[in-house]
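Student: Remember, my numbering sits 60 above the position in the first sequence when you count from 1.
No wet-lab data here; the hints were simulated from the structure.
Cβ coordinates follow ideal geometry from the N, Cα and C atoms, glycine included.
Treat the hints loosely; a few may be bogus.
[What the hints assert, rightly or not] Beta-carbon label-pair distances, calculated as ranges:
#	residue 1	residue 2	range
1	K217	P132	32 to 38 Å
2	K304	A183	32 to 38 Å
3	M288	A153	28 to 34 Å
4	T399	K586	28 to 34 Å
5	E547	D628	48 to 54 Å
6	D427	Y168	22 to 28 Å
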Amino acid sequence: MPARVIYWFRTDLRLHDSPALKAALDLDPEALYPVWTWDPHYVYHAKVGPNRWQFLLDCQSAVSEGLSQINPESRLIVLRESPLTILPKLFKAWRISHLVFEKDTDSYARKRDDEILAKAGEAGVECIVKYGRTLWDSDEIVGINNGPTMTTMQLQKAGQKLGPPPRPIPTPSSIPPPGDLSLKDVAQDQPGPEYFSADQNQSNRTAEDSTYHSGLRGPEGDFSVPTMEELRMSATTPHRGGEKIALEILDRIVRDKEYTATFSKPDTAPTAFEPASTCLLSPHMHFGSISCRKFYWDVLDVVNEWEKSGKKATEPPCSLTGQLFFRDMYFAAQAGVGTYFGQTLHNPKVRYIPWHLPSKHQPNPDDILKSLSIKGTYHVDSKEAEEWFIKWREGRTGFPWIDAIMVQLKTEGWIHHLARHAVACFLTRGGCYIDWERGAEVFEEWLLDHEISCNAGNWQWLSCTAFFSQYMRIYSPIAFPQKTDKEGKYVRHYIPQLKDFPEKYIYEPWKCPIADQRAAGCIIGKDYPKPMFDWKERKEACIRGMKAAFEAGYHGSDVEVVKGNARDVLQEKFKDNIESFADATSNPGASERKGKDDFESRPTTSKSSKMPAKRGSGQVTLDTMFARKKAKPEDECNDI
DNA sequence: ATAGAGTTGCTCGC
DNA sequence: GCGAGCAACTCTAT
């Protein structure tokens with residue numbers, strides 16, 4: 061019996077180097093249905109901003125065109141229904157013998173795919189699943205490494221045992237047509253109310269999403285790729301998706317042999333834009349519009365040639381191939397840790413820190429609102445932390461370097477890796493002391509290249525909760541960008557209010573004399589906000605907090621954390637240490653500290669930060685904070 | 001056991 | 001521009 065195959069596209073929107081697609085074609089099928097299922101989980105429950113939606117639709121359209129170029133009868137068949145319900149119906153309607161797809165090790169995907177495999181089994185449909193998203197099969201890496209890979213060395217060693225990643229498979233020269241596309245007796249199952257009521261992307265829509273309203277086949281009845289209009293979204297990014305664009309970028313990179321062979325990630329400038337200092341292939345890697353193995357081998361061929369001519373090439377982890385190893389490391393870390401990889405709670409690899417604004421993953425819902433307020437320590441009121449978080453998200457912190465990055469992230473969906481470091485460090489251990497999961501959620505929504513494994517892993521890295529632990533190394537929002545952009549071109553581009561600001565004060569505009577502010581047409585506190593806190597003061601407080609949490613040594617799967625006691629235990633256990641530490645360090649810098657007028661509204665008085673903390677006295681609670689706010693309204697007017 | 005390395009810190013002094 | 005010092009964590013190789 062000739063095979064009749066559904067090729068299910070998910071993380072692999074390309075035709076070159078697709079091991080799963082090759083496996084489907086190797087069946088020599090009489091019919092091949094290239095299918096995309098419109099998963100309501102992704103439409104409503106995953107955070108996906110307009111820019112990433114556009115990129116996905118670009119990639120789908122490109123695959124569809126690519127298929128049609130190989131065989132005019134072929135194209136991407138988009139079915140507007142959950143795979144869990146539509147695929148079993150298709151098995152019958154199209155008399156399917158095989159279901160083929162690329163392996164996905166994300167936790168939601170694993171669960172979904174297990175269900176699909178079971179349903180296919182019931183229907184007598186044979187399934188073929190091939191890894192193709194990473195250099196090596198992440199599950200095999202985990203097996204060889206005896207657990208999740210937490211260093212690139214572990215990844216590379218395990219990879220060595222598996223042998224070099226396979227060379228890329230060429231784009232197929234022929235593809236069978238799909239068979240009969242009629243859907244007799246197949247009715248559309250629309251998403252239930254539980255999806256609409258929990259729409260994570262509502263704020264990005266101008267009206268209710270309508271992608272399901274026109275039935276299984278879409279408005280033209282032709283299974284076409286949905287549009288941004290149907291999603292009720294509009295994108296702002298200049299970066300566009302699709303296999304052709306991705307291959308052109310890679311080709312341009314490897315044609316520049318010196319750039320390719322001597323690439324050193326830490327030396328690339330996060331302040332560079334138009335063009336950026338790195339390749340911008342990460343969104344394509346996310347959607348599969350470029351194969352990471354093609355990237356790997358195209359680069360390695362250039363490197364080998366470069367070295368053959370006696371010239372020195374860079375090596376992992378800094379080189380381009382090293383970047384791919386990090387990606388595989390995070391994938392294998394997630395594959396090994398499992399469902400809880402993206403959170404602290406229940407995650408044995410992630411260190412517990414009593415962050416402000418704990419994420420939604422807490423043992424008791426009340427814990428999310430819980431705040432500690434010991435004066436002179438890293439603790440602040442949760443209301444204040446909430447304000448910091450909102451300002452960070454919206455790019456209104458008053459630190460131009462941080463704000464410019466957040467503006468670029470929101471509008472363009474891509475920022476340089478080191479820019480991600482800067483804002484992630486600032487939000488967590490290097491400023492706000494806010495839960496990394498809160499920041500990761502913002503990245504999840506706005507990044508074109510959002511990959512749960514890499515995003516969560518990098519947030520763990522930057523917050524010093526896993527992968528990396530040197531919490532003394534904190535990025536300065538002033539000194540760091542000056543290394544590559546003394547003039548502040550980047551800041552001037554993304555924060556136009558500051559475009560004529562004096563170079564001397566571009567990263568700390570609150571220090572600029574008022575006459576110069578007027579001359580630059582930007583009054584700090586009016587046209588651009590004052591800094592939301594004294595960064596050096598916050599940095600020191602964060603280090604004290606990290607030190608205490610590291611001494612406690614809790615991790616996400618420890619019983620105290622799972623039971624929800626860790627925060628209280630830690631507070632009790634380290635209250636004395638923290639305060640004595642504060643005693644010893646709070647005075648030296650006091651004389652250099654600027655007056656309170658230089659900063660945005662501060663619920664705690666400036667006096668309190670200069671004075672050594674006295675045990676058990678003068679705690680700032682919600683009530684006293686609001687009392688102060690009421691009593692001193694002028695403090696609230698700093699940014700007017 | 002101990003030393004050294006680890007993708008990318010900052011400040012200061014030369 | 002470079003190196004030392006800051007004060008410090010974790011894993012790996014020996």
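Student: Holds or violated: the 48 to 54 Å window for the beta-carbon distance between E547 and D628?
Tutor: Cβ of E547 to Cβ of D628: about 49 Å, so the range 48 to 54 Å holds.
Student: Can the suggested window of 28 to 34 Å be confirmed for the beta-carbon pair M288 and A153?
Tutor: 30 Å, holds
Student: A range of 32 to 38 Å was offered for this pair. Does it hold for the Cβ distance of K304 and A183?
Tutor: 36 Å, holds
Student: With 22 to 28 Å as the target window, see if D427 and Y168 comply at their CB atoms.
Tutor: 24 Å, holds
Student: How does the Cβ-Cβ distance of T399 and K586 compare with 28 to 34 Å: does it lie in that range?
Tutor: 48 Å, violated
Student: Honestly, do K217 and P132 meet the 32 to 38 Å range at C-beta?
Tutor: Violated, at about 48 Å.
Figure legend: structure checked against the earlier numbered hints; hints not met, in rising order: 1 and 4.
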